[in-house]
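Peer 1: Residue-level listing of the chains:
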Amino acid sequence: MRWRAVVAVELKPGVLDPQGEAVREALRRMGHDHVSDVRVGKRIQLLLEAAEEGEARARVRDICESLLVNPVLERYAFDIEPEGER
Amino acid sequence: MSLSASPEARWTSVGLTEEEYREIVRRLGREPNDVELGLFGVMWSEHCSYKSSRKLLKILPSAGERVRLGPGENAGVLDIGGGWAVALRIESHNHPSAVEPYQGAATGVGGIVRDILSTGARPVALLDALSFGLPDSPRDRALLRGIVEGIGGYGNCLGVPTVGGETVFHSGYDGQPLVNVMCVGLVRLERLVRGRAEGEGNVLMLVGARTGRDGIHGASLLASRGLSEGGEDKRPAVQVGDPFIGKRLIEACAELVEAGWVAGLTDLGAAGLTSAAAEAAGRAGRGVVLELDRVPLREDGMTPYEIMLSESQERMLIIATPEGAGRVEAACRRWGLEAAAVGRVTGDGYLRVRWRGREVAAVPVRDLTEAAPAYERPWRAPAPVTPEPGRGVAAGPSRGGAAAPSHGGAPRPADPSEAFLDFLSSVHVASRAPVYRRYDHEVQTNTVLRPGHDAAVIRVRGTRKGLALATDGAGRWGGLDPYYAGAIAVAEAARNVSCVGAEPIGLTDCLNFGNPEDPHVMWQFRRALEGIRDACLALGIPVTGGNVSFYNETDGRQIPPTPVVGMVGLIEDIERLVPSSPRCPGALWLLGGGAVSQEGSLWQMWREGRVHGQCPPLDLSLEAAVQALVREAAGHGWIRAAHDVSDGGLLVAAAEMALSPEIPWGLRLQLPEAGDAWTAAYGEGGARVLVVPAGPEAERALMRRAEERAVPCREVGRLTEDGRVIVKSGRDAWVDVAAERAARAWKEGWAWLL
Amino acid sequence: MRLGVVIFPGSNCDRDALAAAEIAGYEAVPLWHGESAVEGVDAIILPGGFSYGDALRAGALAATAPVMAGVRRFAARGGAVLGICNGFQILCEAGLLPGALTRNRDLAFHCHDVALTVVTARTPWTRALAPGERLVLPVAHGEGRYVVPPEELDRLEAQDQIVFRYEDNFNGSCGAVAGVCNRAGNVVGMMPHPERRVEAVLGGEAGLGVFRSLRLAAAGVTRP
Numbered sequence: 136m137r138w139r140a141v142v143a144v145e146l147k148p149g150v151l152d153p154q155g156e157a158v159r160e161a162l163r164r165m166g167h168d169h170v171s172d173v174r175v176g177k178r179i180q181l182l183l184e185a186a187e188e189g190e191a192r193a194r195v196r197d198i199c200e201s202l203l204v205n206p207v208l209e210r211y212a213f214d215i216e217p218e219g220e221r
Numbered sequence: 131m132s133l134s135a136s137p138e139a140r141w142t143s144v145g146l147t148e149e150e151y152r153e154i155v156r157r158l159g160r161e162p163n164d165v166e167l168g169l170f171g172v173m174w175s176e177h178c179s180y181k182s183s184r185k186l187l188k189i190l191p192s193a194g195e196r197v198r199l200g201p202g203e204n205a206g207v208l209d210i211g212g213g214w215a216v217a218l219r220i221e222s223h224n225h226p227s228a229v230e231p232y233q234g235a236a237t238g239v240g241g242i243v244r245d246i247l248s249t250g251a252r253p254v255a256l257l258d259a260l261s262f263g264l265p266d267s268p269r270d271r272a273l274l275r276g277i278v279e280g281i282g283g284y285g286n287c288l289g290v291p292t293v294g295g296e297t298v299f300h301s302g303y304d305g306q307p308l309v310n311v312m313c314v315g316l317v318r319l320e321r322l323v324r325g326r327a328e329g330e331g332n333v334l335m336l337v338g339a340r341t342g343r344d345g346i347h348g349a350s351l352l353a354s355r356g357l358s359e360g361g362e363d364k365r366p367a368v369q370v371g372d373p374f375i376g377k378r379l380i381e382a383c384a385e386l387v388e389a390g391w392v393a394g395l396t397d398l399g400a401a402g403l404t405s406a407a408a409e410a411a412g413r414a415g416r417g418v419v420l421e422l423d424r425v426p427l428r429e430d431g432m433t434p435y436e437i438m439l440s441e442s443q444e445r446m447l448i449i450a451t452p453e454g455a456g457r458v459e460a461a462c463r464r465w466g467l468e469a470a471a472v473g474r475v476t477g478d479g480y481l482r483v484r485w486r487g488r489e490v491a492a493v494p495v496r497d498l499t500e501a502a503p504a505y506e507r508p509w510r511a512p513a514p515v516t517p518e519p520g521r522g523v524a525a526g527p528s529r530g531g532a533a534a535p536s537h538g539g540a541p542r543p544a545d546p547s548e549a550f551l552d553f554l555s556s557v558h559v560a561s562r563a564p565v566y567r568r569y570d571h572e573v574q575t576n577t578v579l580r581p582g583h584d585a586a587v588i589r590v591r592g593t594r595k596g597l598a599l600a601t602d603g604a605g606r607w608g609g610l611d612p613y614y615a616g617a618i619a620v621a622e623a624a625r626n627v628s629c630v631g632a633e634p635i636g637l638t639d640c641l642n643f644g645n646p647e648d649p650h651v652m653w654q655f656r657r658a659l660e661g662i663r664d665a666c667l668a669l670g671i672p673v674t675g676g677n678v679s680f681y682n683e684t685d686g687r688q689i690p691p692t693p694v695v696g697m698v699g700l701i702e703d704i705e706r707l708v709p710s711s712p713r714c715p716g717a718l719w720l721l722g723g724g725a726v727s728q729e730g731s732l733w734q735m736w737r738e739g740r741v742h743g744q745c746p747p748l749d750l751s752l753e754a755a756v757q758a759l760v761r762e763a764a765g766h767g768w769i770r771a772a773h774d775v776s777d778g779g780l781l782v783a784a785a786e787m788a789l790s791p792e793i794p795w796g797l798r799l800q801l802p803e804a805g806d807a808w809t810a811a812y813g814e815g816g817a818r819v820l821v822v823p824a825g826p827e828a829e830r831a832l833m834r835r836a837e838e839r840a841v842p843c844r845e846v847g848r849l850t851e852d853g854r855v856i857v858k859s860g861r862d863a864w865v866d867v868a869a870e871r872a873a874r875a876w877k878e879g880w881a882w883l884l
Numbered sequence: 019m020r021l022g023v024v025i026f027p028g029s030n031c032d033r034d035a036l037a038a039a040e041i042a043g044y045e046a047v048p049l050w051h052g053e054s055a056v057e058g059v060d061a062i063i064l065p066g067g068f069s070y071g072d073a074l075r076a077g078a079l080a081a082t083a084p085v086m087a088g089v090r091r092f093a094a095r096g097g098a099v100l101g102i103c104n105g106f107q108i109l110c111e112a113g114l115l116p117g118a119l120t121r122n123r124d125l126a127f128h129c130h131d132v133a134l135t136v137v138t139a140r141t142p143w144t145r146a147l148a149p150g151e152r153l154v155l156p157v158a159h160g161e162g163r164y165v166v167p168p169e170e171l172d173r174l175e176a177q178d179q180i181v182f183r184y185e186d187n188f189n190g191s192c193g194a195v196a197g198v199c200n201r202a203g204n205v206v207g208m209m210p211h212p213e214r215r216v217e218a219v220l221g222g223e224a225g226l227g228v229f230r231s232l233r234l235a236a237a238g239v240t241r242p
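Chains as they are written, first to last, in the numbering used here: chain E, 136 to 221; chain V, 131 to 884; chain F, 19 to 242.
Chain E extracted, bound-state conformation (with noise of 0.2 Å):
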């Protein structure tokens, strides 16, 4: 069956994240000095065929690891549900 999956990249805590970084500067001189922190992350979206949800979580994490993600700086998390048929 088919399963939707949508994936969220982002920084490791504590790696540099200078897009971020310029973001929050901006934000703060148009007035957003409530803002401590930003982030940016990616969101990636797969559309895949896996028997059962187990088999499907077990790619995206493969695809994830092997391609999607950048071991040395980011970490990753995902939702995963049935595409319905259309």
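A few of these clues could be false.
Here are the simulated SDA-like pairs of lysine to any residue, each with C-alpha atoms no more than 20 Å apart in a straight line [stated by the list, open to error]:
hint : chain 1 : residue 1 : chain 2 : residue 2
1    : V       : Lys877    : V       : Ile793
2    : V       : Lys595    : F       : Ala37
3    : E       : Lys177    : F       : Arg121
4    : V       : Lys858    : V       : Glu803
5    : V       : Lys595    : F       : Ala218
6    : E       : Lys147    : V       : Arg340
7    : V       : Lys188    : V       : Thr499
8    : V       : Lys181    : V       : Ala501
9    : E       : Lys177    : E       : Arg210
10   : V       : Lys877    : F       : Val132
11   : V       : Lys877    : F       : Ala126
12   : V       : Lys595    : F       : Val219
13   : E       : Lys177    : E       : Arg192
14   : V       : Lys181    : V       : Tyr505
15   : V       : Lys877    : F       : Phe188
16   : V       : Lys595    : V       : Gly211
17   : V       : Lys595    : F       : Gly221
18   : V       : Lys181    : V       : Val155
19   : E       : Lys147    : V       : Met432
20   : V       : Lys858    : V       : Ala549
21   : E       : Lys147    : V       : Asp430
None of these hints come from the bench; they were simulated from the model.
Following the hints, position chains V and F against chain E.
Peer 2: Frame of chain E; chains V and F shown alone:
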């Protein structure tokens, strides 16, 4: 970080040996605490202390009329006249780039730029000497792509043009690429700053990015040990570069230096605050006290150990007078940078660290810096190989990548024309435009000769002067004979800048070697240094400093010994520079000569996937004479183009001159009657330069001067407008192809790689 | 005439633009991103670079800088504004120019010469050029692919808002657009760098026309 109480774990946890630990206890007269041990660990690491190389590096000639700052400073500085000075340095970022290619290369660029900033100079050019494994595996291609992207990603954003460098392939770098980055800056002599913590009571200002946990024991420890397969455990040490802060540091430092508010300036690189503070204090013979509670932190709960050892990027240490500190802070704030007074200069010669109201470390500065251990590591020459008849003693089998000499070799290709096209389109020879087109090489609008010539040339704005910049690495020769490699790296880099008409005035060297605890590697290192020394003396070029990178080994596999030279040449009149390809066709002359051979050549590397045999004979006096002749010819306007004959031999050099214009020239090349055509076409060796004389009168003048200087000089062919590349061996057309086809092979050979 | 060049944090062609303006015979002054008043200048250049490190989207953060309020007022009064490279990206993000600039088709940074065709000479930055004229200028960008919906592109063409086109559309821009202007024509954005080609020693003077146009425009010289 809490270090275990077990004594052995104490020294191994910071990468020291038991003897080194005992030495620390002896010098302090007590056991060091955890923070102090951390300071010793990083400062006595190979990376920071140069403990295996420091004594040997002294053999390099570093004096010269133009030298204003030499080895031991953040960067070398050369006087170029007219009140201007050029700052130069090259540095490796091999280990970080092997672990995380994009960030490793990016932070390599950032780090060397801040070294140049430390002299008060504005960075004006970057060059990258890259060595990769043969791009047969996806992993090696991914390393190549990541590193090229990282260099562009950082350098482009920074607004410092990347004007040159080189990219070489050799199986000895499989999985362990070399990333050597050179930066050049310009500074008015009266604004030259040093990395010294002068003036008791002066304030240490930490400027730029906040301090986080990144890279604790990163560069220092990583570069002081080899890599092992599955180097996952070393990964958390990787730092992330922020070129946006790097760019603002350039602007803020330039403003502060211009205003004269800086008493001393140094960057935070390997070993972070520890090394910056200790070295600045050490150079001035002073002490410093650091107040860690004042260090702006990016993460909560950082310990003194972590703050002192953090290798967070984009930080500089400014030494300011107490009155100037406020102005430094204001100028930094204008650029959106934090500046915190984190310490002051003292007179007691100690590095003292205070945190939460108490002293957490107190160590004599000398013991961390100049009095750090220096070893004479044992070295051993390889077992002698029986010389072949009529030859000298071979340099011995290489343990660095290239396999032991074999006398078989690949069969000769059947068709010279097809072989020529294939070689041109190979990764070894094909145009590097696909790489340098990814780097902004024109920002700052000073780039007069863009990448693709023998050397890049940037002008010194407001003067008629130009700087010619080139790098040359010699890893391919290193495995055969490290002495030859050291000498030829200097000679070819000098030849490159001479070819554009510049006088080589100083160099910076990056010495990439394997494990110095291996006596054979130590022998390679010594021989390479002797080669560099002899070539520098023969050509009259001082070494202004550089970098040593040891432990380039993976699971005991050592890289080929790879000396890399970054050369700066000076052109007094920018109008007199010479490109490597002429604007209009003409005769092709070969200046210089010497024995050539296929052994160790790029042709051999391409044909067999490795190099073996002996290096060609070295003739440094011919080298000096050829270079002087080319410079003289350029200065008089006798030549319209000049190109060094090196990688790929005579035919490749001639082809590059013909094929690099948008519409390629045709080529006629006559190979010598005697000997094997393949060797004549692709063999390497000697001191040779191809030039295009500017006309009959120039030809006569050139011929006369060549005779006076005892430099062989003869016409070997022409560049034409007939669209054919025809190479003759004797009377026969040996290679005959359409220039358009050859140009396509050469220009598009690389497209698939990136 | 006095030309102002805005310096954002991360701008890196600001000094180049100031130098080029002087070579073209103007007085050139820097304008600071934190100042919203832009007074005493006759034209404004937003230079190339990586303002705010290109965070989020190229130009997005610079578009919110205080100086942009001043640039907006200046443009509304009909003042001549030129965005080069990152400056073009900023003008699009600020809504002063139509469209958006996204990553190049091949996702790579490109630094090389490109051939352009001048499409309109009606702007103050192209008055000295002729429609149809070929210009070779360098590009240096990773996010220069111009994107607009097809109907918007038709409208831009109909309203004579296309200023330059690439001869070889290397980055995949809609309509091969290398430069556009606003409806009134006084605000122009272009990806190639004219300020890098104003001296023979640096490879030619092909970019001088862009700067010289300003003087013709001020003198009221028009071209059909």
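Peer 1: Now, for every hint given, state plainly whether the structure supports it.
Peer 2: Hint check results:
no., hint, in the structure
1, V:Lys877 to V:Ile793, "holds (12 Å)"
2, V:Lys595 to F:Ala37, "holds (18 Å)"
3, E:Lys177 to F:Arg121, "holds (16 Å)"
4, V:Lys858 to V:Glu803, "holds (9 Å)"
5, V:Lys595 to F:Ala218, "holds (16 Å)"
6, E:Lys147 to V:Arg340, "holds (17 Å)"
7, V:Lys188 to V:Thr499, "holds (17 Å)"
8, V:Lys181 to V:Ala501, "holds (10 Å)"
9, E:Lys177 to E:Arg210, "holds (11 Å)"
10, V:Lys877 to F:Val132, "holds (17 Å)"
11, V:Lys877 to F:Ala126, "holds (18 Å)"
12, V:Lys595 to F:Val219, "holds (12 Å)"
13, E:Lys177 to E:Arg192, "holds (19 Å)"
14, V:Lys181 to V:Tyr505, "holds (6 Å)"
15, V:Lys877 to F:Phe188, "holds (17 Å)"
16, V:Lys595 to V:Gly211, "holds (9 Å)"
17, V:Lys595 to F:Gly221, "holds (17 Å)"
18, V:Lys181 to V:Val155, "holds (19 Å)"
19, E:Lys147 to V:Met432, "holds (17 Å)"
20, V:Lys858 to V:Ala549, "holds (15 Å)"
21, E:Lys147 to V:Asp430, "holds (15 Å)"
No hint from the list above goes unmet by this structure.
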